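J.: Given chain H, put chain P in place with the hints provided.
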Amino acid sequence: MRLRRSRLYVPGNNPKMIPPAGLYGADVISLDLEDSVPLEYKTDARMLVSEALKVIDFGPATEVTVRINPMSTPYGKWDIKQIVSEKLHGIYIPKVESREDVIQVDDIVTDLEEKKGLPIGRIKLFATLETAKGIINAYDIARCSKRLEALTIGGEDLTADLGGERSSTGTAINTARSMVLLAAKAAGIQAIDTVYSDFGDPEGLRKETEMIKTMGYDGKACIHPSQVEIIHSVFDPTPEQILYAVRVKMAIEEAKKKGSGAVALGAKMIDRPIVLKAERVLEIAKMADLDIPSPEEVTEMMQQKAKKSGGGDD
Amino acid sequence: MVKISDVEWVENSLGRKVPRSIDGVELIPYKGPFAHRPVKDHKYGPKLGYVASEENEVVKTLGEAMEKIGLKDGMTISFHHHFRNGDHVMNMVLAEIERKGIKDLILAPSSTFPCQEEAIIRCIMNGTIKKVEGGSARGEFGRLVSSGRYLNQPMRIRSHGGRVRAIEAGDIHVDVAFIGAPSADELGNLNAINGPSACGTINFAYADAHFADHVIAVTDHLVEYPNFPMSIGQELVDYVVVVDKIGDPNKIASGELRITNSPTRLKIAKDAMRIADLLGYVKEGMSFQAGAGGISLAFTEFLHQRMKEKGVKAAWAQGGTTKFLVEMLLDGTVKKLITGQAFDVAAIHNMKENPKIHVDLPIGAYANIHGRGCTVNKLDIVVLGATEVDLDYNVNSVTMSNGIIAEPVGGHSDTAAGASLTILTVPLFRGRYPVVVDRVNTVVTPGENIDVVVTERGIAMNPRRIDLLEKLASVKIPRDMKITTIEDLQRQAYEITQTKVEPNWGDEIVALIEYRDGTIIDVVRNVEPRYYDDAVFAEKEEKDVERREN
Chain H
1 MRLRRSRLYV PGNNPKMIPP AGLYGADVIS LDLEDSVPLE YKTDARMLVS EALKVIDFGP
61 ATEVTVRINP MSTPYGKWDI KQIVSEKLHG IYIPKVESRE DVIQVDDIVT DLEEKKGLPI
121 GRIKLFATLE TAKGIINAYD IARCSKRLEA LTIGGEDLTA DLGGERSSTG TAINTARSMV
181 LLAAKAAGIQ AIDTVYSDFG DPEGLRKETE MIKTMGYDGK ACIHPSQVEI IHSVFDPTPE
241 QILYAVRVKM AIEEAKKKGS GAVALGAKMI DRPIVLKAER VLEIAKMADL DIPSPEEVTE
301 MMQQKAKKSG GGDD
Chain P
315 MVKISDVEWV ENSLGRKVPR SIDGVELIPY KGPFAHRPVK DHKYGPKLGY VASEENEVVK
375 TLGEAMEKIG LKDGMTISFH HHFRNGDHVM NMVLAEIERK GIKDLILAPS STFPCQEEAI
435 IRCIMNGTIK KVEGGSARGE FGRLVSSGRY LNQPMRIRSH GGRVRAIEAG DIHVDVAFIG
495 APSADELGNL NAINGPSACG TINFAYADAH FADHVIAVTD HLVEYPNFPM SIGQELVDYV
555 VVVDKIGDPN KIASGELRIT NSPTRLKIAK DAMRIADLLG YVKEGMSFQA GAGGISLAFT
615 EFLHQRMKEK GVKAAWAQGG TTKFLVEMLL DGTVKKLITG QAFDVAAIHN MKENPKIHVD
675 LPIGAYANIH GRGCTVNKLD IVVLGATEVD LDYNVNSVTM SNGIIAEPVG GHSDTAAGAS
735 LTILTVPLFR GRYPVVVDRV NTVVTPGENI DVVVTERGIA MNPRRIDLLE KLASVKIPRD
795 MKITTIEDLQ RQAYEITQTK VEPNWGDEIV ALIEYRDGTI IDVVRNVEPR YYDDAVFAEK
855 EEKDVERREN
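Top to bottom, those sequences are chains H and P.
According to the working numbering, the residues represented by the first sequence are 1 to 314, in order.
According to the working numbering, the residues represented by the second sequence are 315 to 864, in order.
Chain H extracted, bound-state conformation (with noise of 0.2 Å):
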């Protein structure tokens, strides 16, 4: 599964704001042609999008995906013929409700990948759950398409739909915050939480990043790229805590060497989940091209620590 802590809002009709769009580190950028872009504008985005797809360069590392319009309006269907093409990695749906939102989308984009030559089943999709329906379908809709890689919440929708208010705490969202990371997970795919929309306030945004991330969310969107960073040093493990992985990884190859079944690390011992999580830090830590110390590394690190506390470990 690739890496996706930060994702992008751009303006789908904005022609100054989509070619620097890749610059700013994120891991996905969605070209939007939903919220951001009026109705008289549907048409000209449309295009814009679909030319720039072709003709600009995001760079190598970065996701490039389209919010399309919910597939309840006409222009769903259009937009998707318009940028299924070579470039294009991905497709957020709004507002999805039942399971045949995503099924619909994902027929028509293997109709257009085979009538353009393009690889069956690269592009992506990722449903945006934004009202209650959606949420209570979570599950459901988690399950449906082999295309689907994550679920994501739409707070400013959903808000509105429950009849709620938006707050620093999240107390409108947070119950459907728990259900769609739970769908997704059981589904084992990822869950990306939603905007934080004061991009004035980054210390609001890193609390909520931090809520979200020890949730279990495996990203945030953001809607200026000055939040992409914030949320990146949420979500990347400390050097403290790789060092940790490594040492976990390193106890375990010893204690597979020896033979012995239970694994120790100082007066720890290592069971299973803290395995997992050490091997999800390095994943991460990877993708996100973090310093990972080599095991002589790490053993020199630790023959010091223990020269200048005098002995002793953990």
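None of these hints come from the bench; they were simulated from the model.
Warning: the hint list may mix true and false statements.
Pairs of lysine to any residue, SDA-like flavour, derived with a Cα cap of 25 Å [said to hold, decoys possible]:
{"hint": "1", "chain 1": "H", "residue 1": "Lys286", "chain 2": "P", "residue 2": "Lys790"}
{"hint": "2", "chain 1": "H", "residue 1": "Lys213", "chain 2": "H", "residue 2": "Asp198"}
{"hint": "3", "chain 1": "H", "residue 1": "Lys16", "chain 2": "P", "residue 2": "Lys796"}
{"hint": "4", "chain 1": "P", "residue 1": "Lys445", "chain 2": "P", "residue 2": "Asn466"}
{"hint": "5", "chain 1": "H", "residue 1": "Lys16", "chain 2": "P", "residue 2": "Thr811"}
{"hint": "6", "chain 1": "H", "residue 1": "Lys185", "chain 2": "H", "residue 2": "Lys207"}
{"hint": "7", "chain 1": "P", "residue 1": "Lys622", "chain 2": "H", "residue 2": "Lys42"}
{"hint": "8", "chain 1": "H", "residue 1": "Lys305", "chain 2": "P", "residue 2": "Val789"}
{"hint": "9", "chain 1": "P", "residue 1": "Lys692", "chain 2": "P", "residue 2": "Phe348"}
{"hint": "10", "chain 1": "H", "residue 1": "Lys16", "chain 2": "P", "residue 2": "Pro577"}
{"hint": "11", "chain 1": "H", "residue 1": "Lys286", "chain 2": "P", "residue 2": "Pro792"}
{"hint": "12", "chain 1": "H", "residue 1": "Lys16", "chain 2": "P", "residue 2": "Asp802"}
{"hint": "13", "chain 1": "P", "residue 1": "Lys622", "chain 2": "H", "residue 2": "Arg206"}
{"hint": "14", "chain 1": "P", "residue 1": "Lys796", "chain 2": "H", "residue 2": "Glu229"}
{"hint": "15", "chain 1": "P", "residue 1": "Lys331", "chain 2": "P", "residue 2": "Asp706"}
{"hint": "16", "chain 1": "P", "residue 1": "Lys624", "chain 2": "H", "residue 2": "Ser226"}
{"hint": "17", "chain 1": "P", "residue 1": "Lys357", "chain 2": "P", "residue 2": "Gly338"}
{"hint": "18", "chain 1": "H", "residue 1": "Lys124", "chain 2": "H", "residue 2": "Lys207"}
{"hint": "19", "chain 1": "P", "residue 1": "Lys445", "chain 2": "P", "residue 2": "Ile318"}
{"hint": "20", "chain 1": "H", "residue 1": "Lys207", "chain 2": "P", "residue 2": "His618"}
{"hint": "21", "chain 1": "H", "residue 1": "Lys54", "chain 2": "P", "residue 2": "Arg744"}
{"hint": "22", "chain 1": "H", "residue 1": "Lys207", "chain 2": "H", "residue 2": "Glu229"}
{"hint": "23", "chain 1": "P", "residue 1": "Lys624", "chain 2": "H", "residue 2": "Asp291"}
{"hint": "24", "chain 1": "H", "residue 1": "Lys16", "chain 2": "P", "residue 2": "Arg746"}
{"hint": "25", "chain 1": "P", "residue 1": "Lys785", "chain 2": "H", "residue 2": "Pro293"}
{"hint": "26", "chain 1": "P", "residue 1": "Lys666", "chain 2": "P", "residue 2": "Pro577"}
{"hint": "27", "chain 1": "P", "residue 1": "Lys627", "chain 2": "P", "residue 2": "Thr647"}
{"hint": "28", "chain 1": "P", "residue 1": "Lys785", "chain 2": "P", "residue 2": "Met795"}
{"hint": "29", "chain 1": "P", "residue 1": "Lys796", "chain 2": "H", "residue 2": "Lys213"}
{"hint": "30", "chain 1": "P", "residue 1": "Lys785", "chain 2": "P", "residue 2": "Lys796"}
{"hint": "31", "chain 1": "P", "residue 1": "Lys597", "chain 2": "H", "residue 2": "Asp291"}
{"hint": "32", "chain 1": "H", "residue 1": "Lys87", "chain 2": "P", "residue 2": "Arg805"}
{"hint": "33", "chain 1": "H", "residue 1": "Lys277", "chain 2": "H", "residue 2": "Gln241"}
{"hint": "34", "chain 1": "H", "residue 1": "Lys42", "chain 2": "H", "residue 2": "Met1"}
{"hint": "35", "chain 1": "P", "residue 1": "Lys624", "chain 2": "H", "residue 2": "Asp271"}
{"hint": "36", "chain 1": "P", "residue 1": "Lys790", "chain 2": "H", "residue 2": "Glu97"}
{"hint": "37", "chain 1": "H", "residue 1": "Lys42", "chain 2": "H", "residue 2": "Glu97"}
{"hint": "38", "chain 1": "P", "residue 1": "Lys790", "chain 2": "H", "residue 2": "Ser294"}
{"hint": "39", "chain 1": "P", "residue 1": "Lys386", "chain 2": "P", "residue 2": "Val339"}
{"hint": "40", "chain 1": "H", "residue 1": "Lys124", "chain 2": "H", "residue 2": "Pro20"}
Here the structure is a predicted model, which is why all the values come from computation and not from measurement.
T.: Quick look at chain P alone, frame taken from chain H:
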């Protein structure tokens, strides 16, 4: 005006053709950043004065002061630009000179602002001013200079340090310096921290005060003798004129300078900070200068955060001071602050509050290469902007892509030469015009002094700085920072904007770009058609489109 066919040309060390002489005055071609030593042994000497014990130097009107010192046709008058776009002094002085019918003056300001354009242009048109020894020319004034139509001699464009050098060497002989003084006493002790038009410092007038034959202070705040601090002393000032208002405080200082919101500009600023950090320059005891442009302010802010993260303190910083530098001083991230110009209210206020750790200094001490020491040489990092940069890393910060003079040099070439790490921060293109080009319209700062060019689409390292390249090879570069070549940046820029359009140069020399050591680094030619009359560039574009389509 001087025709290009009328002069003998010689190539300087950058391969730029410059005249051997103009109007019988021999010019020295640029030879390298530190290659040219002073030609004269001694500084220029101003006139001796005379003051009797009972004398009070306050006079009632500008006109009276001009009569007393004998201002007449052909003299050189100078001004400082500390009141920025709120200056009233130059306009008042020029209006009085026009009333007196004095003609053919040479105007030698440290810089000019839009609020003065109307008066300057009027005085050039009616023959009051015959030549400009800038400073700079922006806006309409810049267009007038570039038109080549109304001034008979090329304008001299100098850096801050270069202007002081020229004054001390007598290259600019100032007959009368008019110094706007936010506070003054009856004998002419002046400072800039008190009074309704307080601007923090008036040190751009320091050289003028010392080397002009006559000094007239203009104030709206006469205080009891003696006026402390004596930033410019009584021994230098002939007369003090008291007027109603010397400036508009709301325009002298920006109330609230804001960091850019543009994501690409922010990326450039952040990458500039990160590259300085990767190269090992963000460290305990460092020094830096960054200006008040959008990218520079953001750089200062990012640097501030990074220094706090690392727990390092700068020994000193200098500016172009803004609240962002003041904040660093106040929380101890910067230990000492040196101000050449105060850009906002916070800077002016802090100069008064913290005189022990926040000082101003004469511009000669800031940047004069032919002095005996200047702060730019002790800078670790400087961050600069530009209108263009080329494959030789040569920088243009004076003419626009269309060749018209529009920006001042400021301390560009001074700080670039002095600082250990000179970072140029520019967008790859502006509108339809590439900024990274194969050859700049006008060289202002030589490529020898530019170490890193940071754009939103990549960072180019000057291959001359082998030490920096080696350092960079030994560190891990974050994935979202692209280190590339200047050629690659230029290629990307041309790909996006299609190509660089050469200015429609005419056959006259309208300005000489003087390097900080007095040599000539480049010339600016007039731009045809004469936009000053045609006024709007867009009009020409429309005509061009029409012509192509017909």
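J.: Could you work out which earlier hints the structure fails to respect and list their numbers in ascending sequence?
T.: 7, 18, 26, 29, 34, 35 and 36
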